[in-house]
Amino acid sequence: MNDILQGLSQAAQLVITGDADLVEITALSLQVSLGATVIASVIGLPLGAWLAVNRFRARRFVIALLNAFMGLPPVVVGLIVYVLFSRSGPFGVLGLLFTPTAMVIAQVIIITPIIASVAHQAIRELWADYHDLLISLNATRGQRIRTLLWDGRRALMTASLAGFGRAIGEVGAIMIVGGNIDHATRVLTTAIALETGKGEFGMALALGFVLIAVAVLVNLGVHFLSRTERGSRW
Amino acid sequence: MKLTSLALITGLALAPIAAQAEILRLSVTTSFANSGLAEVLLPEIQKDTGIAVELLIVGTGQALALGAAGDVDAVLVHSRAAEEKWLAEGNGTHRREIMYNDFVIVGPAADPAATAQTSLATEAFAKIADTQSAFVSRGDDSGTHKMELALWASAGVEPAGDWYRAVGQGMGAALNTAAGMDAYILADRASWLNFGNKAGLAITFEGDPSLFNQYAYLPVNPAKHPHVKAEAAQKLEDWLTSPRAKDLIEGYKIADQQLFVFNATDK
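Chains A and B, in that order, give the protein sequences. Numbering-wise (my numbering), the first sequence opens with residue 1 and increments by one. Numbering-wise (my numbering), the second sequence opens with residue 235 and increments by one.
Isolated chain A, as found in the complex (with noise of 0.2 Å):
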């Protein structure tokens, strides 16, 4: 209990007084989330529209796969990315191995089923109630996943930040790619990680507490942006 209290007051410190070490790792820690969950929405959201305006025999497997996926332990993608992009690897040449660059590809690989598969579920409801209008008004396939990628925008959100979310607390995959270098690809999840190997848990959970507060205001920021619920409007 007094490792929590004590966690909060160092978290506090360290926030007020703005330390430079903890402002390098939370910048980076949202740039790489933010980055993967951006190419994960650019590659998940359609696909899930796709999924779910299109019959084809490998539908159902595909969807099952999708869902599959969404638990993907990203040790495991950590240590696969490790192995490609390693000196030794396939993509070894591109020197990308402890850059954040490689975090970003980890975490997009972790993320894009989960806001594929939610995106998929939010567009099958829509795409029932719009299925009639759209063949009627003989949409290209084009047109129906705007229109429908379009008017599902707020449920598409929240597959988004599911995204993100998994993103920001996971340190299993970046921690094998990144290699938790100090001022290169420490991020708050591998310094919580490290500070935790040190013993100093005060430090961890003030880190840790900092890690909730960031994750809550882009939350709320991406709500507030977006308008969504406001009393006006449902």
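In case anyone wonders, no lab produced these hints; they're calculated from the structure. Computed from a prediction, not measured in an experiment: that's the story for all the values here. There's no promise every hint is true.
Unchecked claim - Where chain B lies over chain A, by a calculated footprint (3+ residues, C-beta under 8 Å):
| hint | region |
| --- | --- |
| 1 | 80–88 |
| 2 | 92–98 |
| 3 | 191–198 |
Said to hold, decoys possible - So these bits of chain B aren't anywhere near chain A, every CB distance computed over 12 Å:
| hint | residue |
| --- | --- |
| 4 | Ser261 |
| 5 | Thr264 |
| 6 | Ile332 |
| 7 | Glu357 |
| 8 | Asp396 |
As the list claims (entries may be wrong) - If the Cβ cut is set under 7 Å, some of the chain B residues that face chain A in the computed set are:
| hint | residue |
| --- | --- |
| 9 | Gly284 |
| 10 | Glu288 |
| 11 | Leu290 |
| 12 | Asp305 |
| 13 | Tyr398 |
| 14 | Gly402 |
| 15 | Gly404 |
| 16 | Gly406 |
| 17 | Asn410 |
| 18 | Gly430 |
Glycine included, C-beta positions come from ideal geometry on N, C-alpha and C.
We have chain A; now place chain B onto it with these hints.
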């Protein structure tokens, strides 16, 4: 507007961190990093040589594997047999001894296995096994783990059973586990002194010369991995073996105890 901000965030995420200094990647053992010495040496290295050393903090096994794969430019570890095997496989150019510290046996302050009354580390280990006192093993193929296994072997004990817990984690995490279970553990002195969660643990055995822990610096072989920064690795080696490094290493103290003894010799 939305699209531009999206593109901006994506661009930020993919932009490589701007390099100000020459960057050298060095994989080191968790015990070296947990000792806190790195935080003293790295800024001085950058000041003197212009090299920004990026540390990858892993166990000795993984540190050597990173070097063998060419993912780091040099390795700083402490497990002679593994280092020599690594060199024999053509992964590095040579091995240069830098400094040593020592291992200690940490355990419950009451010392139920009476390790303090022994004079040899192997005897202390045999007592722990005899009394079936809880023992936490790193179990991660690190230098500390290899040292521990060697001690069990020379004590003639096959460590197994309920009392022997291999956690497969770094020095700090293993110490946390030992603190939580009130168990014995083999730790390097530096990590122990720097550890923040000592709980009911204390050093119960120390001082046997067989517990000395030699750190060596091994540059990765540029013939095998042409992209490694061999020149910077050489510069770093020159610095690490210089009188300046000696002063910093021997001057590093925690709780008034000197942690490392510099013993690099001229080639």
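Structure-based check of each hint:
1. Here the region 80–88 of chain A counts 3 residues with a CB under 8 Å from a CB of chain B, which clears the bar of 3, and the coverage holds.
2. Here's how the region 92–98 of chain A fares: 4 of its residues keep a CB closer than 8 Å to some CB of chain B, so the rule of at least three is met and the hint holds.
3. Counting residues of the region 191–198 of chain A whose CB lies closer than 8 Å to any CB of chain B gives 4, so the stated coverage by that chain holds, three being the minimum.
4. Distance check on Ser261(B): its Cβ comes as close as 9 Å (rounded) to a Cβ of chain A, failing to clear the 12 Å threshold; non-interface status is violated.
5. Remark: the non-interface label on Thr264(B) conflicts with the geometry, its nearest Cβ contact in chain A lying 7 Å away (cut-off 12 Å).
6. No Cβ of chain A approaches the Cβ of Ile332(B) within 12 Å, the least distance being about 21 Å, so the stated non-interface status holds.
7. Every CB of chain A is more than 12 Å from the CB of Glu357(B) (nearest about 29 Å), matching its label as outside the interface.
8. With a least beta-carbon separation of about 25 Å from chain A, Asp396(B) lies farther than 12 Å from that chain, consistent with its non-interface assignment.
9. Because the smallest distance between the Cβ of Gly284(B) and any Cβ of chain A comes to about 16 Å, over 7 Å, the interface hint for this residue is violated.
10. Hint status for Glu288(B) relative to chain A: holds, with the closest Cβ pair at about 5 Å, below 7 Å.
11. The interface hint given for Leu290(B) is met, as the beta carbon of that residue sits about 5 Å from the closest beta carbon of chain A, less than 7 Å.
12. Against a cut-off of 7 Å between C-beta atoms, the interface hint on Asp305(B) holds, since the closest Cβ of chain A lies about 5 Å away.
13. Given the 7 Å rule on beta carbons, the hint for Tyr398(B) is violated: about 22 Å separates it from the nearest Cβ of chain A.
14. Annotation: Gly402(B) was flagged as interfacial toward chain A, and the flag is violated, the nearest CB pair being 13 Å apart, outside 7 Å.
15. With its C-beta approaching chain A no nearer than about 5 Å, Gly404(B) sits inside the 7 Å limit, and its interface hint holds.
16. For Gly406(B), the interface hint holds, since its Cβ comes within 7 Å of a Cβ in chain A; the closest pair sits about 3 Å apart.
17. For Asn410(B), the interface hint holds, the least distance from its beta-carbon to any beta-carbon of chain A being 6 Å, beneath 7 Å.
18. Taken as an interface hint, Gly430(B) checks out: its beta carbon lies about 4 Å from the nearest beta carbon of chain A, inside 7 Å.
Checked against the numbered hints above, the structure breaks hints 4, 5, 9, 13, 14 and satisfies the rest.
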